[in-house]
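Enquirer: Residue numbers (my numbering), protein chains in the order written: chain A, 1 to 277; chain B, 1001 to 1352.
Everything labelled a hint here was simulated from the structure, so no lab data went into it.
The beta-carbon is built from N, C-alpha and C at its ideal position, and this holds for glycine as well.
The reader is advised that the hints may include incorrect statements.
[To be verified] Among the chain B residues that face chain A by a calculated CB cut under 10 angstroms, a handful are:
hint, residue
1, 1009
2, 1204
3, 1206
4, 1282
5, 1285
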Amino acid sequence: MSKRTPTTLSAESVCYSFDGRRDFLVDVSLTATSGECWGIVGPNGAGKSTLLRLLGALSKPSGGTVRLDGVSLEAMRATERAMRIAYLPQRVPAAPGLTAGEVVLLGRYPHRGLGLFESANDVARARDAMALTETAAFADRRLASLSGGEAQRVHLAAALAQDPEVLLLDEPTTALDWRHQLAIFEILRRMADDRGVGVVVVTHDMNLAGRYCDRVLLMNQGRSVCQGSVADVLRPEVLAPVFDVDVTSIPIEGRSVAMLVPTDTRRGGEQPGGTGK
Amino acid sequence: MRHLSAARFWGTISACVGGLAVVLVISPGIGTQWDAVGWRDAWSSLLAGDYDSMAFTIGFDLRLARTLLALQAGVTLGLCGAVFQTLFRNALATPYTLGVVNGGSLGALLAVKLGLAWSFLGLTSVSIASFLGSLIVIGLILLITRANRRMGTAELLLAGVTMGLFCSAMMMLVTYLSNQRETFSIVRWMMGSLEALGTQQSAPSLVLLLPSWILLLLQARGLNQYLLGEDVAASRGVNIRRLQLTCLIFASLATAAVVAVCGPIGFVGLVVPQMTALMLGRDCRLLLPASALIGGVFLAMCDWLSQIAMGLWAAISGSASASASLPIGVVTAIVGVPIFLVLLYRRGSFAE
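When you get a sec, could you build the whole thing from the sequences and use the hints?
Expert: Put into structure tokens, the structure is as follows:
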């Protein structure tokens, strides 16, 4: 896998309304390009996952468009889209009876055309993805017998085996321990740097976002609060009003980005954090 | 890394087809009166071209035709069971889960109650009424899912089960108002039967079954993605709505056709797919065809047992029984449950 011609996935002032009455997303724009890692942060119910689903064409925007290299996602064939964009939801249902290796090979689906069996190339790609995510050791174990962190890495490996130009991930490190949280983001970083994949990751962890992402979109109540570089967005004075907490910044020696720690809820300001969902 | 190679796929499928071929070869020799016409008699009548002899009539027109009916019912139930268990991600799903069987039974019961006694294309009024009953249930479920586009598989299951319960209640009502003779014949019908009605009965349903089998088998790769959830499957380019509708419509139609001809034969659609999955894994590319073929062989062999057991009983008790075989649903359960429990004990869980 070598670097390809740059790809751009852009949401152009997209809106999303579930029932035609309430807007879950209003006028949000984001442009993800090859080799760049975007972090989407914000309180629960801010519309982060909704935006990610629009980017992956899992939902249709009620306003605005999502384009891949200038072509509207809705105008593309589903398989063609799937060859270029991979999506990893927050929770993948436990697939009974499948081994980790089989799950990773399923990621090759859009590339296989009408063939019934995996080609040698498919298997090689799957092995490569499993090596990268350090899951090769349990390739033949049942997915259901793996720990949460192992299973999550297997699903990430399947998304990598899909060989996408853009990788969308919804809270991939929730429920993982420290080491595995770092490991997942290390892999994402490497995908962006070495293989030129555009990464968009929804996360609640400001410090992981600060350390591994290039750009950050801060959302609240279905709107974009601000977006820009890590240094611009992940600042206590920006985050504090959105999350309604006091935020302290702790400088780390040898690192350009300080740690952010929520220290207290803000009392008095009884305004709800998200959309109230 | 284990994966489905062409060798493993074709090896397994050949073994299943081989089993099926053996069943077909043996079948002319097995029936209630195996002492009257043996396997050798039947086959030599065929080789001698003696198509009017009793040996040929019993061996092929009756026994083989009956086995073919068992095979097509078993294939359908094994295949549709595997499809539904995958589609609903539920080990308890069967081809009957969506109420097809209850609709079919209600139709058959009404035909008995109203004393309908005509036939069309060799199909009895009971069969046709049963098929219509199933169609109405499928149609209603599809209407509901169409009206509510947000309907997930859980809601679909609920709609199907509720529809089934309603049909059952209606059946109780009609049965309550029936006389003994009508009640007896409907109870008999509910046990499921492969009583030789010959090729007349199996040929028309094949017109519906063959295309359904092919269409369902073609969904295997999409169903594999579906195991990982609708979102992942959709993001990989699977058309979820089309996959769901195809599986739903054609599995239901095929099941309705089998129920119409053979009645509600239980157990095959529940346990054959699970036995197959325990032995061969959950990859639908292998699971669907293997479950279909194993279902066919399993039902055909159960049918032999039902005839042999009845023949033995007649010989022991010295009385000619009213019926030539045990109800097939009883045999499938008696044979299948021990096999299944042993597999469950040795191989572990469905959840993993």
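Enquirer: Against this structure, judge whether each hint is valid.
Expert: Hint-by-hint comparison with the structure:
no., hint, result
1, 1009, "7 angstroms, holds"
2, 1204, "32 angstroms, violated"
3, 1206, "25 angstroms, violated"
4, 1282, "3 angstroms, holds"
5, 1285, "6 angstroms, holds"
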